[in-house]
Amino acid sequence: GQQLNQSPQSMFIQEGEDVSMNCTSSSIFNTWLWYKQDPGEGPVLLIALYKAGELTSNGRLTAQFGITRKDSFLNISASIPSDVGIYFCAGRVGSQGNLIFGKGTKLSVKP
Amino acid sequence: DAGVIQSPRHEVTEMGQEVTLRCKPISGHNSLFWYRQTMMRGLELLIYFNNNVPIDDSGMPEDRFSAKMPNASFSTLKIQPSEPRDSAVYFCASSLAGQLLYNEQFFGPGTRLTVL
Chain L
319 GQQLNQSPQS
329 MFIQEGEDVS
339 MNCTSSSIFN
349 TWLWYKQDPG
359 EGPVLLIALY
369 KAGELTSNGR
379 LTAQFGITRK
389 DSFLNISASI
399 PSDVGIYFCA
409 GRVGSQGNLI
419 FGKGTKLSVK
429 P
Chain H
57 DAGVIQSPRH
67 EVTEMGQEVT
77 LRCKPISGHN
87 SLFWYRQTMM
97 RGLELLIYFN
107 NNVPIDDSGM
117 PEDRFSAKMP
127 NASFSTLKIQ
137 PSEPRDSAVY
147 FCASSLAGQL
157 LYNEQFFGPG
167 TRLTVL
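Chain order of the listed sequences is L and H.
My numbering puts the first residue of the first sequence at 319, with every later residue one more than the last.
My numbering puts the first residue of the second sequence at 57, with every later residue one more than the last.
In case anyone wonders, no lab produced these hints; they're calculated from the structure.
C-beta: ideal position from N, C-alpha, C; glycine also.
Careful: at least some of the hints might be erroneous.
To give an idea of the interface, some chain H residues facing chain L are shown, with a C-beta separation under 10 Å as derived from the structure [stated by the list, open to error]:
| no. | residue |
| --- | --- |
| 1 | VAL60 |
| 2 | SER63 |
| 3 | PRO64 |
| 4 | MET71 |
| 5 | GLU74 |
| 6 | ARG78 |
| 7 | GLY98 |
| 8 | VAL109 |
| 9 | GLY166 |
Here are some of the chain L residues that sit facing chain H, going by a computed Cβ distance under 7 Å [said to hold, decoys possible]:
| no. | residue |
| --- | --- |
| 10 | MET329 |
| 11 | PHE330 |
| 12 | GLN332 |
| 13 | GLU359 |
| 14 | GLY360 |
| 15 | PRO361 |
| 16 | ALA366 |
| 17 | LYS421 |
With a straight-line Cα cutoff of 25 Å, these simulated SDA-like cross-link-like pairs (lysine to any residue) come out [unchecked claim]:
| no. | chain 1 | residue 1 | chain 2 | residue 2 |
| --- | --- | --- | --- | --- |
| 18 | H | LYS124 | H | ASP113 |
| 19 | H | LYS80 | L | ASN416 |
| 20 | L | LYS421 | H | PRO137 |
| 21 | L | LYS428 | H | GLU118 |
| 22 | L | LYS424 | H | LYS124 |
| 23 | L | LYS421 | H | ARG168 |
| 24 | L | LYS424 | H | PRO137 |
| 25 | L | LYS424 | H | ARG97 |
| 26 | H | LYS124 | H | PRO137 |
| 27 | L | LYS388 | H | GLY98 |
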């Protein structure tokens, strides 16, 4: 079946540093999404990508849809303490229907 | 605009009891998804509905789990009888599927279930 490998599993960084995380899949995806989950809350959509090579920003966050359509990257610039949380990538093969989620990257930021 | 609403937020029950989780999707959305999240397995899709019809229930772990969507604004996930291994956070998400390209899923706050 389809699998998503998300890395790293966890990151401990200093406030102000940049962060990079990525997901790779065994299948070609038509959609890549990045979510953030705060403790005790549901995942919140950060960025959605729909075309190979697409680069999209949301404030200090930038995500890219890999040209092979089997990977995606999320970068956070100048991290701040409120960036702490778990970041999930998710992919979808078709235009609608269920998403496949990565296992998440847990981000910790030292003030 | 209200997001996805789930109730209860927390549920503690004893093994063997029936548990019912509830979800109200975002108004106008026509797809609804039930997920289970655990440390070991991450986020797992249990079942999803499109226009109130179950489309894919292959993620439902056992016959003890059942889900219904009697109308566009309400869905339930029922576990009967519950077992300790069912302890997890259960999320409901909704989206607007169809011809639109941008049909992202929006998640509710989740129900934390503990089965003793």
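Structure-based check of all given hints:
no.	hint	result
1	VAL60	8 Å, holds
2	SER63	13 Å, violated
3	PRO64	14 Å, violated
4	MET71	25 Å, violated
5	GLU74	24 Å, violated
6	ARG78	15 Å, violated
7	GLY98	5 Å, holds
8	VAL109	13 Å, violated
9	GLY166	5 Å, holds
10	MET329	17 Å, violated
11	PHE330	19 Å, violated
12	GLN332	27 Å, violated
13	GLU359	6 Å, holds
14	GLY360	3 Å, holds
15	PRO361	5 Å, holds
16	ALA366	5 Å, holds
17	LYS421	5 Å, holds
18	H/LYS124 / H/ASP113	11 Å, holds
19	H/LYS80 / L/ASN416	19 Å, holds
20	L/LYS421 / H/PRO137	28 Å, violated
21	L/LYS428 / H/GLU118	43 Å, violated
22	L/LYS424 / H/LYS124	33 Å, violated
23	L/LYS421 / H/ARG168	19 Å, holds
24	L/LYS424 / H/PRO137	34 Å, violated
25	L/LYS424 / H/ARG97	15 Å, holds
26	H/LYS124 / H/PRO137	17 Å, holds
27	L/LYS388 / H/GLY98	20 Å, holds
Of the hints listed earlier, those the structure fails to meet are numbers 2, 3, 4, 5, 6, 8, 10, 11, 12, 20, 21, 22 and 24, in rising order.
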